[in-house]
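**Q** Based on the provided sequences and hints, a complete structural model is requested.
Spelled out from the first residue to the last, the chains are:
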Amino acid sequence: MTLSIRSGAVSRRAARPRTGPPFWLAAPALAIFALFALLPLGGVVVLSFTEWDGLGTPSWAGTDVWFDTVSDPATRQAMWLTLVFVVLSYLFQAPVALLLGVFMAGRQRYRAVWSVLYFLPLLFSSAAIGITFRSLLDPNFGLSRALDSTAFRTNWLGDPDLALYVVVFVVGWCFVPFHALLYQAGVRQIPATLYEAAVLDGAGRVKQFRYVTLPQLRYTIVTSSTLMLVGSLTYFDLVFILTGGGPGDATRILPLHMYLTGFRGYEMGPASVIAVILVGVGLALSLALSRLSGAGRMQSQQAGL
Amino acid sequence: MRHTGLRVVAATVLAATLAACGGASPGDSTDENGGDSSGAGGGGEASAWILTGGGWPVTAASFERWNESNSDQRITVEEYENDAYKEKIRTSVGSGEAPTLIMSWTGGTLADYVANEQVVDITADTQELVDRVMPSVAQNGAIDGTTYAVPMNDVQPVVLYYNEDLFDQVGIEVPTTWAETLDAVEAFDEAGIIPFSLAGQSVWPELMWIQYLTDRIGGPEVFQAVLDGQPDAWSDPAVLEALTRIQELVDAGAFGDAFASVAADQSADAALVHTGRAAMLLQGSWVYATFHTDAPEFASSALGFTTFPEIEGGAGDPGNIVGNPANFWSISAAASEAERQTALDYVNEYVYDDEQLAAMLDAGSLPPVEGLDDQIAQSDDAEYLAFAYGLVQDAPHFQLSWDQALPADQAQELLTNLSQIFLGEITPQQFVDAMNATL
Chain A
1 MTLSIRSGAV SRRAARPRTG PPFWLAAPAL AIFALFALLP LGGVVVLSFT
51 EWDGLGTPSW AGTDVWFDTV SDPATRQAMW LTLVFVVLSY LFQAPVALLL
101 GVFMAGRQRY RAVWSVLYFL PLLFSSAAIG ITFRSLLDPN FGLSRALDST
151 AFRTNWLGDP DLALYVVVFV VGWCFVPFHA LLYQAGVRQI PATLYEAAVL
201 DGAGRVKQFR YVTLPQLRYT IVTSSTLMLV GSLTYFDLVF ILTGGGPGDA
251 TRILPLHMYL TGFRGYEMGP ASVIAVILVG VGLALSLALS RLSGAGRMQS
301 QQAGL
Chain B
1 MRHTGLRVVA ATVLAATLAA CGGASPGDST DENGGDSSGA GGGGEASAWI
51 LTGGGWPVTA ASFERWNESN SDQRITVEEY ENDAYKEKIR TSVGSGEAPT
101 LIMSWTGGTL ADYVANEQVV DITADTQELV DRVMPSVAQN GAIDGTTYAV
151 PMNDVQPVVL YYNEDLFDQV GIEVPTTWAE TLDAVEAFDE AGIIPFSLAG
201 QSVWPELMWI QYLTDRIGGP EVFQAVLDGQ PDAWSDPAVL EALTRIQELV
251 DAGAFGDAFA SVAADQSADA ALVHTGRAAM LLQGSWVYAT FHTDAPEFAS
301 SALGFTTFPE IEGGAGDPGN IVGNPANFWS ISAAASEAER QTALDYVNEY
351 VYDDEQLAAM LDAGSLPPVE GLDDQIAQSD DAEYLAFAYG LVQDAPHFQL
401 SWDQALPADQ AQELLTNLSQ IFLGEITPQQ FVDAMNATL
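Protein sequence lines correspond, in order, to chains A and B.
Quick note: the first sequence uses UniProt numbering, first residue 1, plus one each step.
Quick note: the second sequence uses UniProt numbering, first residue 1, plus one each step.
Bear in mind the hints are in silico, worked out from the structure with no lab data behind them.
From the three backbone atoms N, C-alpha and C, an ideal C-beta is built for every residue, glycine too.
Mixed in with the good hints, there may be bad ones.
Some, not all, of what chain A presents toward chain B, calculated at C-beta under 8 Å [as the list claims (entries may be wrong)]: (1) L55; (2) D68; (3) D138; (4) N140; (5) N155; (6) L157; (7) P247; (8) F263; (9) E267.
**A** Listed below in structure tokens is the structure:
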């Protein structure tokens with residue numbers, strides 16, 4: 001018995017490359033990935049060195065497109081807005097999702113009821129959410145009309161100084177449930193014995209959260225953060241429906257800027273440049289996150305249990 | 001039990017997330033087979049994409065009539081929302097997947113199609129139709145004397161609508177000059193009424209202001225210079241003055257303080273007028289039908305309409321109008337011979353035929369066809385239609401909307417900068433500099 005466990009452990013460590021499923025099992029997935037992701041990506045990279053209005057034949061323009069696009073004040077402004085958007089989104093979504101997830105992981109019946117309510121935003125399509133929020137926040141015909149309250153008469157989406165924050169809130173409202181779900185699953189996997197031990201050591205609720213829950217959720221946090229950061233970097237649909245990048249250019253984040261340049265202005269070259277930048281930054285970001293957090297060395301935290 | 005329930009919820013939630021991730025972008029929800037013009041099959045079957053809302057049901061009905069009596073030459077019709085259409089049609093034309101009948105607003109888009117040989121010369125095939133149409137409208141479909149597009153629906157001048165009840169309430173007359181306009185703005189502002197409803201979220205309604213002001217101040221030559229690509233054409237003093245007057249209006253509260261939240265695609269700008277919260281609205285003629293659909297009682301009792309005010313000392317003719325001459329049909333060069341023939345037959349036999357003319361007048365939209373005075377006098381909306389008909393016939397110049405007239409990249413720049421002018425984020429000079437850079 002003991003022997004077999006030990007030899008199992010040894011062989012697992014030494015022969016890991018050999019025991020995995022054969023490589024060709026990944027072939028279909030790789031083929032699809034190449035066809036629908038790598039190939040178009042290559043196309044976009046090529047397009048980013050051309051000038052093309054979407055109708056004729058693309059004409060080669062070399063690195064000029066890159067210089068023009070990157071030095072364009074509109075692109076600079078979009079980059080800055082994207083940074084603000086990503087940071088604010090993260091600061092809003094991460095704590096709320098974590099706390100909600102931990103709360104929902106409790107086994108009490110009333111929490112289950114709340115959980116169902118919290119999940120609701122996930123069930124709606126983002127187009128519907130966008131249109132609904134736009135109507136609710138309309139200072140002329142929205143909530144202010146129904147409730148006759150001056151608080152809602154604020155020009156939420158029409159004020160250039162407010163619009164971005166409102167967008168961050170609505171996007172957060174939409175995505176917090178998903179991340180809360182991740183955290184809920186993460187918390188449910190933490191063995192009860194850890195909490196029992198903590199209680200024996202005299203830890204209160206806050207200390208349990210700080211010294212048991214948080215460290216145990218480490219990899220969930222990494223996963224959720226990566227999804228949040230890269231997700232809000234490339235986020236498009238809700239912003240497009242809520243404001244279309246306006247008022248002025250107050251919410252014209254990079255993905256919107258790319259879309260408007262490409263499919264409203266029909267400047268496919270500059271739009272492709274922005275797309276390549278987005279891909280580059282997104283990849284770098286997720287890579288950096290997994291490096292920093294040591295996710296590459298991810299392994300069970302339950303050794304010894 | 002409880003756990004199973006939760007699991008089901010969670011599974012549903014995940015499924016929904018995945019579905020949302022792969023999610024369709026707004027606009028292509030209408031029909032995935034939209035680009036499938038070839039899917040219409042062989043024979044003489046053609047395809048056409050039209051829009052929703054406004055007077056478009058009349059066009060849809062015209063296709064239905066065609067299909068009923070021409071089962072061997074059917075035309076499949078897809079309906080799109082305005083913005084979604086503009087995005088989809090361009091990529092479809094570019095990839096050779098366009099419908100047989102390509103609808104456009106002419107201007108820069110049509111010029112691009114022609115330059116890339118994506119639409120065919122229909123000068124000879126449509127001569128008869130073109131001869132019946134008002135020249136100021138029909139000429140938009142011609143490039144260098146060759147007809148590539150023919151008008152297919154109502155002529156759409158931009159007019160000034162107003163709420164008669166509100167003018168009675170405040171006790172002033174409808175402004176006919178700029179000085180009177182400023183007085184009216186002040187009077188309504190004091191009465192707590194928004195003087196002008198403006199759909200600033202959609203931005204393009206803001207164009208109507210700069211178009212009319214520039215034309216009234218400097219005449220149509222100012223924008224023609226921009227179209228001709230003359231260096232620094234935007235620096236014309238008329239443009240600067242128009243922009244300055246716009247910002248004066250905004251500062252005086254002429255558009256209220258929430259115009260940037262008003263969207264035209266939901267007709268919120270018209271709603272402000274018929275719910276009595278805004279006094280006037282500068283919008284296209286298609287809004288007349290919107291008023292009648294959304295607020296029939298208001299439309300028949302208190303809806304007034306007039307021309308854009310004169311500007312004292314301006315060089316432009318006060319009879320000039322701006323707007324969209326009409327929507328136009330072109331025929332795709334990618335279509336087969338049989339498809340093209342079907343499309344041409346439809347255009348020649350059904351566009352502005354007696355039934356369509358009657359349906360248009362019934363719907364309160366104005367066909368750009370000569371010699372309709374008698375029919376208009378007998379229609380239900382005789383007062384409005386006669387006003388608009390006279391406006392179009394007498395106009396020395398009919399300016400196509402700037403965003404349609406300009407190439408797409410310049411139009412986008414124009415819309416962004418104009419919205420910033422209205423928001424007070426840039427000065428007229430910054431606008432001019434930014435726009436000159438696009439020439």
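**Q** For this structure, which hints from the list above don't hold up?
**A** 2
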